[in-house]
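S.K.: This is what each chain is made of:
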Amino acid sequence: MKKWQCVVCGLIYDEAEGWPEDGIEPGTKWEDVPEDWVCPDCGVGKEDFEMIEIG
Amino acid sequence: MTEQAPIVIVGTGLSGYSLAREMRKLDKEQPIVMVTADDGVSYSKPMLSTGFTKGKDADGLAQASTDAMAEQLNIELRTFATVTGIDTEAKALLLGEERLEYSKLVLAWGADVIRLSIDGDGFEHVFSINDLMDYRAFRKALAGGKRVAIMGAGLIGCEFANDLRNGGYEVDVIAPSDVVMPGLLPEPAAAAVQHELENLGARFHLETVVERIDRAEQGVSLTLANGEVVHADLVISAVGLRPRTELAHAAGIETGRGITVNRALETSAQDVYALGDCAEVDGHVLLYVLPLMACARALAKTLAGERTEVKYGTMPVMIKTPCCPTAVCPPAPEADGEWRVEAEGSDVKALFRSPEGEVLGFAVTGRFALEKQALSKEVPPIHQ
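These protein sequence lines map, in sequence, to chains A and B.
Quick note on the numbering used here: the first sequence kicks off at 1 and runs consecutively.
Quick note on the numbering used here: the second sequence kicks off at 1 and runs consecutively.
In isolation and in its complexed conformation, chain B is listed as follows (with noise of 0.2 Å):
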């Protein structure tokens, strides 16, 4: 009997470390090794937007060393390692010369941001932070600055927003949209969340672009589409993420918005699955916490022999805006019903009723936003 390949797992994001956490609780041993492009340090995503107002740098932000990791989860951490192709047929993924052999191959390398294509050399101070390593890289271009622009005014850009002011910056936000978090906040709620970024001192360039970014004597200027014309040390990119596809699609594997898999997270290609920002689950893109630490338990188990079903319960999403504290929870694109809003200054409670009453969806704001985990319960999860 030849000794079985490792499962191997491409990325050590919060899904490739989530499952592996998940998998070591149920076989200490089963040999995995994990590929990754950068430098393995662990820590979670979610929180890069959280820095100032908790006073950590990307050091601060960082979880754990990546020899802690291997070591933890008794794993075989390869890093600064490029995927460059996978060999479905005879299970090898490829790293440039190198063929990694597999019993398992687990894709779980994450999205890519959205990169604008706009005029002017002043490219060089324009940042998009999608890791760990980009926002070390902002923080030190950061230094000495005092005024950061940010294109984009989703949750992303709302986000940094918040916590830019919240570290003393002078923040000016520019988006096509008339409102903030298009898509993702019912227009009350979305309101409410603006205003009170307003208060903080967060000023707003909404139903314009940048057309241009140009060098100037200290940092940069822009120039917006409406004529206006916005200074900024530097800035921040964040319109936008997309599931990186390329190299499953080039390896035959079924892609869609992301790598399509269905609930047991299985791709089109035998023995390859995909999670995370990276995967079409079962036709959801999600690209939030929830759905995929669902994901990497189910997996684990499948992993490990069970042959097992990611079941989506409610997915509320927590907005971290401190300065006006929100949660959503989208109802289904194709959801029957309409939006109900209750308001008071910046505190929202936007419920979605179906006609006959049922609460499809929340957006709560404010005072509201202690509502969440009670009205979380009353939503029907997207998986029966």
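Chain A extracted, bound-state conformation (with noise of 0.2 Å):
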């Protein structure tokens, strides 16, 4: 399970906890998240900022 962070933000999605208010289960691995997700936080999208890996 990997951690993936909005360079904008800060936000972390965490793999193993997914985010289950957008109705994504805990254990989704990033690249299942779907691609019209955006950051909870500050709106940027999936495709449209940087993740970073964090681990």
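Worth flagging that the hints you see were computed from the coordinates, not collected in a lab.
Each hint should be verified, as a subset may be incorrect.
Taking lysine-lysine pairs in the DSS-like style, the calculated list, with each CA pair at most 30 Å apart, reads [claimed, not checked]:
{"#": "1", "chain 1": "B", "residue 1": "54", "chain 2": "A", "residue 2": "2"}
{"#": "2", "chain 1": "A", "residue 1": "2", "chain 2": "B", "residue 2": "91"}
{"#": "3", "chain 1": "A", "residue 1": "29", "chain 2": "B", "residue 2": "311"}
{"#": "4", "chain 1": "B", "residue 1": "311", "chain 2": "B", "residue 2": "28"}
{"#": "5", "chain 1": "B", "residue 1": "25", "chain 2": "A", "residue 2": "46"}
{"#": "6", "chain 1": "B", "residue 1": "25", "chain 2": "A", "residue 2": "3"}
{"#": "7", "chain 1": "B", "residue 1": "104", "chain 2": "B", "residue 2": "54"}
{"#": "8", "chain 1": "B", "residue 1": "301", "chain 2": "A", "residue 2": "46"}
{"#": "9", "chain 1": "A", "residue 1": "3", "chain 2": "B", "residue 2": "54"}
{"#": "10", "chain 1": "A", "residue 1": "29", "chain 2": "B", "residue 2": "91"}
{"#": "11", "chain 1": "B", "residue 1": "104", "chain 2": "B", "residue 2": "56"}
Quantities reported herein were computed from a predicted structural model and do not represent experimental measurements.
Assembly of the complex is requested from the two constituent chains, each provided in isolation within its own frame, with the hints serving as guidance.
M.R.: Given below as structure tokens:
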């Protein structure tokens, strides 16, 4: 399980936790997160912005 | 063959660094020089109004040091360097006495804060927060204080009001408008945000302006046009931004509300480009993150040799007032239609519909803010 960070606002997407508020189940890998998912904090899109693999 | 001059980017804010990052995805070796008037520390400007909420000071909001950025992006970084002119004929950036030649030049130097000229001797207590160094100075000055007055009830004024309340400060907001975020939010949504900020303890003084700021025994006293006097330890001025155009204009580059560029981010001067808060892109001046990221991606391709026009999609703006989560996608200024509002307390869903019923814009607050993503898909993109 990896974590990805939004470079715009620092929000962390943790694959282990998913993002249940948006219907993304715990354990969802980054590549399986829907392409139209946007950062809940700053609104930048998955493809539109950088997610940094942090381990 | 002479050695090719580097690509020079002026500005190391979100635009400049995002562009460099996108460029490096396409070309790891192209020489890039970045020039900045500040310290070059990487940070995300929208986050400056979240420090207290997130428990971060200026260092905490910094994302990477200047050295780390230079290494990570394989760039030469020139900090504390002030641009004094552009010689578009000889393709050189002027830094005082020094001439820095460029093969291509990118202006990503942002916007200036508008400063009001106000009577009184308290100006040393007035802060504008336009970058991380400003924020650092503000936090230092705030140490020991408890009361902050904010001039301006726009997006930044409201975000700081929320953040400072979360930090436990007394907050007074003073603005000439009769609602918060005029021009950005439709009235019912604005009322909801104001109401929730008031519930949080912020005090609003609308439809008036600050006439004097005078030093007091502790901090300053602000005299308002309506006769009220507000006491504060310091004052934040958040009355608006103006794209920086002067140096471009002086160099003969076309400017309007910002530096005029087409969808390929090309200015009127050969090999000079602009993006971010300083640019007027195809008639749009949008001082937000989404447009800037779209521009950075397109421009990186252009600079790598594949001329690419930016395509603006739907551009919702998230307003960072956690007491009343809010997102807005303003309809185009010339759009024909009207707002239809559904409201329940501070949960507001306002849709701007065309006569045919198409959703052309929206504003959602409170629990409706969760619908922002779904609504964004309904709104037609800026560039079809």
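S.K.: Take the C-alpha atoms of residue 104(B) and residue 56(B), compute the straight-line distance between them, and say whether it is at most 30 Å.
M.R.: Status violated; Cα separation ~37 Å.
S.K.: Tell me if the straight-line CA distance from residue 29(A) to residue 91(B) falls inside 30 Å.
M.R.: The hint is violated at about 47 Å.
S.K.: Can the restraint linking residue 3(A) and residue 54(B) be considered satisfied, given a maximum Cα separation of 30 Å?
M.R.: holds (19 Å)
S.K.: Please work out if residue 311(B) and residue 28(B) have their alpha carbons no farther apart than 30 Å.
M.R.: Judged against 30 Å, a Cα distance of about 25 Å means the pair holds.
S.K.: Regarding the pair residue 29(A) and residue 311(B), is the alpha-carbon distance no greater than 30 Å?
M.R.: Holds - the C-alpha atoms of residue 311(B) and residue 29(A) are around 29 Å apart, at most 30 Å.
S.K.: Within a Cα-Cα threshold of 30 Å, do residue 25(B) and residue 46(A) meet the stated pairing?
M.R.: holds (16 Å)
S.K.: Quick one, are residue 301(B) and residue 46(A) close enough, alpha carbons at most 30 Å?
M.R.: holds (19 Å)
S.K.: Is the hinted pair residue 104(B) and residue 54(B) satisfied, with a Cα-Cα distance of at most 30 Å?
M.R.: violated (39 Å)
S.K.: Quickly compare the C-alpha distance for residue 54(B) and residue 2(A) to 30 Å and report which way the hint goes.
M.R.: holds (23 Å)
S.K.: Just to be careful, I want the Cα atoms of residue 25(B) and residue 3(A) compared with a cutoff of 30 Å; is the pair within it?
M.R.: holds (21 Å)
S.K.: Holds or violated: residue 2(A) with residue 91(B), Cα cutoff 30 Å?
M.R.: Judged against 30 Å, a Cα distance of about 45 Å means the pair is violated.
Against the hints set out earlier in the document, violations occur for numbers 2, 7, 10 and 11.
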